[in-house]
Amino acid sequence: MAFPYQCLVARSETSPDSHSWILVGASGSKLVTQSSNGATSVWPQEESNVMDDHNDEQEPPGKRIKLSPPKEQKANFSSLVLSSDGKHLVGVTGEDKCIRVFQVGSGSCLQQLSERCMSRRPSSITLTDDDTTILCADKFGDVYALPLLPSPDEERPATPVVAEPAEEKVEGKEFTPSATVLTVHSGRNRKTLEEQLKKKAKGLLKTKEAITFKHDLLLGHVSMLTDLAYVRMHGRGYIITADRDEHIRISRGPPQAHIIEGFCFGHQEFISRLCLTKSGFLISGGGDAQLRVWDFLKFKLLATFPIRDTALAYLKARPELSPLGEDEANFKVAVSGIWAVRSSSDDVNEVLVACEGIPALFVFNLEPSSSGTCIPLQGNPLDVAFVQLSQGSWTAIVAIDNIHKPCSTTETRDDKDAPRLQHFSRPIPTGSQWHEDTSLREVLGSFAKEGSKLGVEGADAGATETSSPKSAGDKALRDILYNVENLRKRPGAED
Amino acid sequence: MPHAPAKRQKREEYKNSLHTDEQNAALPKKKFYRQRAHANPFSDHSLAYPRSPADMDWATLYPAYAVEGESQQASEAVEESTPADDEVQRKIKAISKNIEVADIGCGFGGLLFALAPKFPDTLILGMEIRTSVTEYVQEKTRALRAQNASTNGYQNVSCIRANTMKFLPNFFHKSQLSRIFLCFPDPHFKQRKHKARIVSYTLNSEYAYVLRPGGIVYTITDVQDLHEWMKEHFEKHPSFERVEKVFEEGEGEGGAGMDECVRVMRTETEEGKKVERNKGLKFVACFRRVEDPAWP
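From first to last, the protein sequence lines stand for chains Z and R.
Position one of the first sequence corresponds to residue 1 (full-length UniProt numbering), numbered consecutively onward.
Position one of the second sequence corresponds to residue 1 (full-length UniProt numbering), numbered consecutively onward.
There is no bait here: all hints are sound.
In silico EDC-like cross-links for lysine to aspartate or glutamate, where the CA-CA straight-line distance does not exceed 16 angstroms: (1) Z:K139 to R:D44; (2) R:K31 to R:E135; (3) Z:K489 to R:D44; (4) R:K174 to Z:E261; (5) R:K236 to Z:D216; (6) R:K190 to Z:E195; (7) Z:K475 to Z:E411; (8) R:K174 to R:E100; (9) Z:K139 to Z:D96; (10) R:K193 to Z:E195; (11) R:K190 to Z:E194; (12) Z:K278 to Z:D295; (13) Z:K300 to R:D55; (14) R:K29 to R:E13; (15) R:K31 to R:E270; (16) Z:K475 to Z:E95.
A short list of chain Z residues far from chain R (calculated; beta carbon distances all over 12 angstroms): (17) S18; (18) D85; (19) S108; (20) G280; (21) E411.
Please keep in mind that the hints were generated in silico from the structure rather than gathered at the bench.
The structure displayed is predicted, hence computed values, not measured ones.
Note that beta-carbon positions come from the ideal geometry of N, C-alpha and C, so glycine has one too.
Same shape as in the complex, but just chain Z (with noise of 0.2 angstroms):
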């Protein structure tokens, strides 16, 4: 049984003669993709590829010798963007805090150019429009700008990031501590000073080691960053930041990004995504009963899509899925995803959500103005990728939780077949409803059984398979599916 696809990307070219597009999953610590020509790829290679591998002389031999110890990376897959030209692939693994930069190569093989670990876990990345530069927004609410590709005389090549935690960065600078001993103080900022002086007199300061590659702080909130965005609008870059304090800003891109425009206010509970349209419009979403959309070069609120309400509506009629019981009044959502439709008319200003542990994906439009459908689905979705099949007809893949009861984010489901994908489409771009669309099963048969196997690597979710339910493991493989609820604040927290 595999690991279900956390993260989906997909990248659709059209010339008036051929259609080409390629779909990449991560699924928990491997990528997979495939391409229109019907090639699949796994990264990392399994191990008898190994040997032929060309691509391991192209290595700096100091990297090798970092990543041998522990045989594979474990860590899991926490989002993917592919850049505009289709050329290079961005990930982001959790646990390790790092920044991949892949190739993607002819015949959708991955070729992994650049792993960068920052100081503070990634949870949302970006790149600029002119794909030069991968924004980063870290937990602890800053946003970095780095690099897509490093220029060699900025980084030593096999710089060791992680390794060598000894090393000292002491600058030939003497110590000194913080504050004389005039300073006016209270207890435990003496206690500190104190502190600070014993350990001068041991010789023992340690530093955190230093980030060696380039990463520019672009900006930053006192709050968890959620989600981050960057569009260009009338010739001029902006970096959209939210975060779990309720607060949409909109900063200026690039090199100005230190001015704030100004801030979407209205959300009540924390946000966790932000989309943007094809005509500009802003669509966030989080812990609120509402999504809100904005226009957000003037900070105006323009509708509300009530995302509550459907799901709840959507619960009620499927009373075979969810122990709703009588506890509606305290009925919330978690919106997890919101995705804007591709199609091949410009002016579609649709948009699939997705809440946190419900089977289902609810459509909004906002012109004309809907008060939101449902796709029912087999299992939670995780994400959702468009790939353009032919002229006009764009379809949309649903990464599905395939461990995991539908409704439910802790218990796992008994069957064992349960689809990773699901596919639709509509007959007709505008205003028809979307159907499951079988034609896909087929090209992407291969792409639907690859990934990480349960028990094996990843969250090492074996547990799941056996008996105990409350394992680490368990656990783990929760939490990587499953994060956005847990940004809500309790009431009643520690004053």
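Given chain Z's structure and the hints, the job is docking chain R onto it.
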């Protein structure tokens, strides 16, 4: 702590006694409001804060400036475009002028009450994260207003509990403020606590957002290390420039030409007085908000 319940009880009794007489003009006693000097700016607390500056009820804090009979609709934009929104429609009384001065981390309010008579026509707000300390300043404001009822004194000063590091833009519009004071902030000596400092490159963007061009951020501390830190972070932020030396220090014995607020800040803050008694050092640094560059 065996004394804790007794202490709490005494505090409650004291605070209740204050409220039995509405016109009580006696100043509150600090000893009933002491609270440990640190607060974690990252924790959620149970804070009350407006959803946006338009949602803030300023009239309650500055009743003398409330616009009679007129009330503004909270979040007009929200309501006109989304009648379906389930928000409670709140009528918020407008005040006739905007707050222009914010003392962030105002503590027991020494600076506030010194500035208030000096700038009688300017609304000044103290913002403090510690509940008890905020209460003290609010009580003192009430008492001073009662004492000065004939002259309408201290109507221009008020205090709220807030975590400004998270929610400053919830209180103030863009370019609303002309002065921000950061007086004797918690130095957070530990390396890993540096992000909790009230000044950082990234937070400075928020100060720049609420300050109008030409507005000033005033900082004072007795911790040289923190002084250097604040200087470094403001100086590398393109929205700020350091003011002229004479603004901070004046000239000659009398400090001629020193900014009036710097003078008050040096002498009137609680910590400032403490440092004076200890014969410690005070480090002042002020930064001017420059115009934003043209946007290409």
